[in-house]
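Undergrad: Each chain, letter by letter, is given below.
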Amino acid sequence: MNLEYGEKYEKLRAELREFLRGWPLTGALASLPRAEQEAIFRRRGVERGYVYREFPKQVGGSEQEPDALADAILREEYWRASAPGDLLGQGPSLLAPTLLALGSEAQRERFIPPTLRGEMVWCQGYSEPGAGSDLASVSSRAALEGDRWVIHGQKIWTSRAAQADWMFGLFRTEPEAPKHAGISYLLIPMDQPGIDVRPLKQLSGSLEFNEVFLDGAVTAAENIVGKRGEGWQVSRVTLLHERKLMGNPHLLREHWSQLLDLARRTQRGGRPALQDPALRQRLAAIEGRLRCAETSTMRQLTAAARGEEHEVLLSLLVTKLYSTQLGDQIARCAYDLLGAEGLLAPTEADVSDYGNRGTATGFVEQYLFSLGPLIAGGASNIQRNIIAERALGLPRDLRKGK
Amino acid sequence: MEFGLTEEHKLLMETLRGFAARECPAARLRELFEAGAGHDPELWRGLTEMGVAGLAIPDEYGGAGLEILDLALAAETLGSAALPGPFLGHALAGLALRLGGSPEQRERWLPRLASGELVGTIAFGEADGCFEPGTWSARVEGGRLDGAKAWVPFGAVADLLVVGTAGGGLALVERSAPGVEIAPVDGLDRTRPLASVRFAKAPCDVLPGGVATAGRVRDAGLVLLAADAFGAAEKLLEMTLGYARAREQFGQPIAQFQAVKHQLADLAAEVEPMRALVWYAAHAQDHVRDDAERSAAIAKAHVTDCAVRVAREAVQLHGGIGFTWECDVQIWMKRALFDRALLGSPETHRERQAALGGW
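Protein chains in written order, with the numbering used here: chain A, 1 to 402; chain B, 1001 to 1359.
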């Protein structure tokens, strides 16, 4: 056991830090629009082999050997520098790897490069009003008419649908086939008369989700990933990548530090709340869990680097449940510290900004927002099923409509 | 970076697991548990023959020269088997001598501890339930010890006691020495008996490095208790999974009911992340000195608390049978309760965690 990264990786880290000092851009470049500056810096990262490592050069990646430790260092340092590296989001994180694995040559060339550059924005058309946890029961249907698919139905909880250029999603194309075998994975342009996007306001006040109504929307026949009726298998690949987006341990650590700061500066009975024995117990218990999450991440990383991920299957499968619950515990503890300030509504800035800036209303927003990750990407009860069935080998429960 | 076990680590655990399965199967464990003595000289001899008595004793004294992490992995495996025996106190006594003993003391005692010829233990607790070096009151004067210690693991069995003394130091006392009076305690965990020990002008030998090392020995003890509790929690989960698969009601295994399945998934989600926490705390004792004390407190508080919660839910999931003396769940529940209480409660160590964090 050795917690040092070793010479090779410390060298990478040192080079990387030097490189990341180049952000934000300076000189004439600093006056360019923000998006252009980010694109420039991201391109430099690709050239150096830091960004989009798993993608071939041909589609805009830097085509590096798989290296879990290097990935971890890159994530950590880019995060620390708040610099533009791998774009996160439905397109680059979910669709692009799926196309890389299962898309046609033409699809890869057409869609991956602009997606990685951030010029082609995607939304994910999975959930429907009647298909949440039971995703395979999607009923939005697509029929092939000549050289195009014609689509009718409704998607929901669609993040960034209003900004997206394209949607990838699951549509029923074989109505006669059994549930899972009747679905295809289609790519659909968003800017067309058959598509109507209506925003859904979240309980925190932000506008992130949408409903998407498809009423005679069309897409070319070739915009199918995999074969007809194989959409479910294709979507499994996407979901695999989605789990990797969950439970960022750096974010938990940041929220934890903010909570400790809050406890230091909040006064209770004329002294800092942090001196209250009951609060100290509560914080210590939360930190115990945070340490569990952090050390488990190190363990998973080592297993990945050794090619022994099967040895940490249970650890991987509990990560989403554990880390989202931890986020919830941190947020609740902070909210309790606010006292009467918890009566305030989040401000416009709290809601539109992702990070919490440490203000009272920022903690209120975090408190409300922390409910979301427990549901998104497979709600906690679905996670419990996954843990029980895939890692503990318990029998599947009786499900209708198999 | 390598945060995983080596082949040697895995081999150590496999060997111990095999030994426990062979030499202390369920029926034998039950016999020992019923007898309540918590000690089986045969079983301990078997362990010492495999070198378990000297795992972290330097090779020049006949030990294996390994680290706290190796001790912790052994503790986890023994906890998972609820193996009766004086491993915990013995390992800590050896560590106290290694870290705080004079060359003569090490020369005299370590080879005999490593070979298993002698059983060692630590006497840290006092009657008010306090285990912290700063609170110890047993006094040394002119090479004689006066005072009383409580909650001494295997106090009635051990040959050599490492006693915590006033001022936070450590002194060696032989159990057979005059002025040492041992009173066995009717303990809850019947795999590891406790005793109270009274010293009346008992001859003792002060460890010159005792004050400097008592805290480190305590920290190692916290890690080993956490590891033992983690092993117990793993075993409780495994037993409960087995029961839920086998037990049928309403014509199906109860594990198929989502209420049961989800409860089991929640237990697994609590237990599994602790594995890495225990590894880290153990590793820190030898390699991350500036986080050693705090990480030991965190591991002890978090893991032993959680193991006891797992045990109580394991009883619930076993239903009526889980509430009986006959059901083996109680063996591990009591093992976990021992781990939770010895060397200080989770509450105590959370407060230390807070203070050590500068809160």
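Keep in mind that the hints were calculated from the coordinates and are not lab data. Computed from a predicted structure; not experimentally measured. Glycine included, every Cβ here is placed at the ideal spot set by N, Cα and C. Please note that the accuracy of each hint is not assured.
[Stated by the list, open to error] Among the chain B residues that face chain A by a calculated CB cut under 7 Å, a handful are:
1. Ser1102
2. Ala1276
3. Ala1354
[Stated by the list, open to error] Okay, the calculated beta carbon distance ranges per label pair:
4. A/Glu7 with B/Gly1142: 32 to 40 Å
5. B/Ala1026 with A/Arg265: 54 to 62 Å
6. A/Arg264 with B/Gly1215: 22 to 30 Å
7. A/Arg264 with B/Gly1179: 45 to 53 Å
8. A/Asp397 with B/Glu1007: 50 to 58 Å
9. B/Trp1325 with A/Arg265: 50 to 58 Å
Undergrad: Hints first: check each against the structure and report whether it holds.
TA: Right, here's what the structure says about each hint:
{"no.": "1", "hint": "Ser1102", "verdict": "violated, 31 Å"}
{"no.": "2", "hint": "Ala1276", "verdict": "holds, 4 Å"}
{"no.": "3", "hint": "Ala1354", "verdict": "holds, 4 Å"}
{"no.": "4", "hint": "A/Glu7 with B/Gly1142: 32 to 40 Å", "verdict": "violated, 56 Å"}
{"no.": "5", "hint": "B/Ala1026 with A/Arg265: 54 to 62 Å", "verdict": "holds, 55 Å"}
{"no.": "6", "hint": "A/Arg264 with B/Gly1215: 22 to 30 Å", "verdict": "holds, 27 Å"}
{"no.": "7", "hint": "A/Arg264 with B/Gly1179: 45 to 53 Å", "verdict": "holds, 51 Å"}
{"no.": "8", "hint": "A/Asp397 with B/Glu1007: 50 to 58 Å", "verdict": "violated, 39 Å"}
{"no.": "9", "hint": "B/Trp1325 with A/Arg265: 50 to 58 Å", "verdict": "holds, 53 Å"}
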